[in-house]
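Protein chains in written order, with numbering that gives the first Met the number 0: chain A, 0 to 588; chain B, 0 to 262; chain C, 0 to 205.
Careful: at least some of the hints might be erroneous.
[Stated by the list, open to error] Footprint (simulated), chain B over chain C, 3 or more residues, beta carbon under 8 Å:
(1) 91 to 99
(2) 105 to 111
(3) 130 to 139
[Said to hold, decoys possible] Listing some non-contacts, in silico: residues in chain C with all C-beta distances to chain B over 10 Å:
(4) Ser7
(5) Glu9
(6) Ala84
(7) Trp114
(8) Leu121
(9) Leu165
(10) Pro173
(11) Val182
[Stated by the list, open to error] Partial list, computed: chain B residues near chain A (C-beta under 8 Å):
(12) Gly10
(13) Leu176
(14) Ile202
FYI, nobody ran anything at the bench for these hints, they're computed from the structure. Even for Gly, the Cβ is constructed at its ideal location relative to N, Cα and C.
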Amino acid sequence: MTGPAARALEIEQLVVRYYGRSDDALHDVSLALEPGAFVSVAGANGAGKSTLALAAAGLIPRIVRAETAGRVVIDGEVALDRRSGEGVGSSPASAGRRQGYRAGIVFPNPANQLSGTKTSVREEIAFGLENLGVPRAEMDARIDRVLRDLHIEHLADRPPYAISGGEQQRVAIASIIAMDLPLLVLDEPTAQLDPLATLSVADHLVQLAGEGVAVLAAEHASAVLARSRNTLVLSGGRTVSLAPPGTALQPAALAGTGLESPTLVALAAAAGLGPEAAFDEAAIAAALRQSPSANADAKPRPVADAPVRAWQPVRAQPPAAIEVRGLVHRYPTGVEALRGIDLDIPPGQSVAIVGQNGSGKTTLVKHLNGLLSPTAGDVRVGGASVAGVPVHRVASTVGFVFQNPDDQLFSRSVEAELHFGPRNLRLPKADADRLVEAALDAIGLTAERAANPYDLNVSARKLIAIGSVLATDPAVLVLDEPTTGQDSPGIDRVGAIADMLHAAGRTVIAISHDMEFAARHFERVVVMRLGEIVADGPPSATLSGSRAELLASTGLTPPPAARVAALLGLDLVPADAAQLLHGLGTTRP
Amino acid sequence: MSEAVGFFRPGAGWLHRLNPYPKLLLLVWGVLAPFVLPVVAIPFLIVGYLAAGLSAGLGRPYIRAALIAPLVVVLPIILINGFFYPGRNEVIFAIGPLALTVQGLVFGLPIAGRVLAAFGVTVAVVMSTRPDDLMETLVQRGTNPRLAFVVLSAIQAIPRMLDKAGRILEAQQARGLPASGSPSARVRAVVPLLGPLIIGSLIDVRERSLALEARGFSSGAARTAYRIVETTPRDVTVTRLALLALALLPIVAIARLTGALPG
Amino acid sequence: MERRGWFSMEQFNTPTLVLMALAIAINIAVGNTVQNVIKLPIYLDSIGTVLVGVLAGPLAGALTGVLANVIWGFTLGPTSIAPFAITAAFIGFLAGVIGNRGIFSPKRGGMGVVWVIVGGFLTGVVAAIVSAPIAYFVFGGTTGGGTDVLVTIFRGITDNVFTATLLQGGVSDPTDKTITFLVCWAILLAVPVTVKTIFPQGEKSV
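Looking at chain A on its own, in the form it has when it is part of the complex:
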């Protein structure tokens, strides 16, 4: 079974330019996928991953209008054929109305994949089959098969919106597989998912590829990239390389793309290993143990575009200690989300709160600004109880940034949005202006101050939400999942903001899934499981390899570099490759 007709996807010299833009979203990109191939696409935000995903699924130019050139063939059906030589031109959006159902696509936001019209997962999967006119007699067999293959049989009768994000993504994938489509395209499917759900999706993609489906996944998550056969690296719409992930994602190969090399790949490169072992922790540890040429000169990785200025407090904020005693919270549904929490956070400490979904992290921090009141127990900020105080009043001390920026932003410009917080708190104009300037600088969007927040990507929007709270100069900054859905420059910038405020003596509390982020920027890590604190201490004590079992019980793993350190018998918790190598260099005789 060889030859072009058997290919699941063929892209030849694809060029895509959206209307009104002055540069190409994709330029001269070529790619071919056989059935059963699993290829990932990596690149910084704006590199063209989403555009490639849309084109591979046949949605450009059929539904999404753009100027195109090149050729895209999906399972033998031509979705686009405009070889250069005919010139770049626009194609009518209605062409090929009845074709184009050879590829499915999954997007980052799980809830957006659902039809919104079905009351059970089983019927949701049937939606695509109904639209394609599949005979009713065949539907049950297909649905049962994909329920089994994706391990979601237990969800068959659940309402689609009542399941978790990770489960919704599996349902989305199942719906497409049920349509017997030979090509599955995914655009950052794990962006909104926690590490456990990410791993589950990654494993399923491997399984699907094993069954003959061609899988193309644009992703940041190294769990997915590691499992792909080949990785296409994009930068500025152009192909940088197409090679196995261990090769394509090496630090040297990624120079100039704006992408970070995954920690394990960087370690493997430093240890001199070949690309096959790039994600193999045991092999890396063995190589580092033996190799005398470990890079002792490795400096800790400089944080990209770190804010230069220190945070100049404008408002006089007395030190606000946080004291939580015996905190119990029971939701009206009867669920006991917190089972007795005792926590003391002295002023100026930086704390990361980690634990799987449902462990009570968000419930806990929502007590700090009065959004939730204790069912039992006491919560004090700066010596005064916050229960019963209106939330907007506590906001002048405790700045709380929610996870979803699209639940917060509404202004016409970034600058106007940053003024929202200070305006609510009635800060004097001079103070407000100074704080907004400082916040713009801290989030790195001074040049985009007049831009519409919704014209910027979601990473920037998350930073804008943080900026609007920064501009209130809070005594305590609480960040709920600031790293979920962020690209790595964005994560670095959030980390730099945490460092900056910490250096200025303010308290910083962050909830995160990202263990490297927690290890790098926080002096204390609180680990939660099922409404209780199960570990509390510096990263070296809570996130080390020796704690792996405890962390696993709440859906977490130590950062990759720490796992390698544990295999080497070291009790370090390095946040990344450079820190580990540096640590090795200094501990070697």
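Using the hints provided, position chains B and C relative to the given structure of chain A.
Okay, now just chains B and C, sitting in the frame of chain A:
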């Protein structure tokens, strides 16, 4: 997190087992009849509808929704018309400056009765019919599936939009927005609370449309249905009776207008 | 660019259908927020309908209005709002016609706001005129809402139930619809161009 709105409750009574199409016809007749039939018929209709609902096993929730909830609409009709009917009227009794008049009651009571009757029949039908089944039946009878799509996804979107509004309120309060207090504070809360709700929804439209397209939404192929809604012989009989009853309504209406029928 | 008539079926592309469903839910969530959370004496519960009219066209707006009232009445209730689907149809249709003139575009600047106010006011007046006979014939001039206080007052002033009903609508509807149009305009300012243009009439508001 709420999952569904609407009055529908699963059950096994005769109304539940009836096909949605005859139920829809009965609903239309049930709402129009109090307007078309003579006024004296209204109390009988009300009692009839309530009896039907109860006999179908709809129970206490039905009484609550069909009798108690409408009071907030029905009582003002009786009271405001009873006490505030313009013109010189016969007084039945007076409480200080307020006088209950015959003309007011003659005007208001039939209207109140019609509203109550309408509630009685619509709640009974809505409580015993799944929206999906109703839409599937209508699509099989020729309704545009895209219209059915809008109705069903709107119904599911309601609780999620309410949840989203709640999250936005929390997030904006956490950024210092007082959503209560002085009138000017409340006016200034409008855009920060409604903006993200609407903008966020608009942003989602693109991704949701693309996901739908990828699942064949505009494929143009003849659509098949997963959900099977049965039509029994009893459904066919009821449908015929309902159509006949509906056909009789215009006749009665004309008879009343031309004076052939009193009331 | 083809001229799209007010009644063209091109208004109903997939994004429009998705938006219609969301708009119906938005009506309810906004109505709830404004009445129960912020507690202002306005409704704003046709803002979703207006949004669809402006972005997708008059027919789409009208259909959204009808479905919104019917669905709201038959799910959350009370069912008594369902007859006012006719009013909602007019509101959606007018919003579409007015939106087609490009009034919601930021490019219109200050004059744009004036036209938005005028458009909202006119729509409110039409809504009042259309609602009056419905309220009169179906409900005897009352609706069980807070505006029944107005009804009582107007009954005292005029000698005619119908006129009183019309006056009651004439006070609350134009105010409410003007504010609805204004809020819609303010929010559309922050919506990116790429989002507006996926809707059939979206380019008019860019």
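Against the structure, the hints:
| no. | hint | result |
| --- | --- | --- |
| 1 | 91 to 99 | violated (count 0) |
| 2 | 105 to 111 | violated (count 0) |
| 3 | 130 to 139 | holds (count 3) |
| 4 | Ser7 | holds (15 Å) |
| 5 | Glu9 | holds (13 Å) |
| 6 | Ala84 | holds (13 Å) |
| 7 | Trp114 | holds (20 Å) |
| 8 | Leu121 | holds (22 Å) |
| 9 | Leu165 | holds (14 Å) |
| 10 | Pro173 | holds (18 Å) |
| 11 | Val182 | violated (6 Å) |
| 12 | Gly10 | violated (16 Å) |
| 13 | Leu176 | holds (5 Å) |
| 14 | Ile202 | holds (6 Å) |
This entry does not satisfy hints 1, 2, 11 and 12, going by the numbered hints stated previously.
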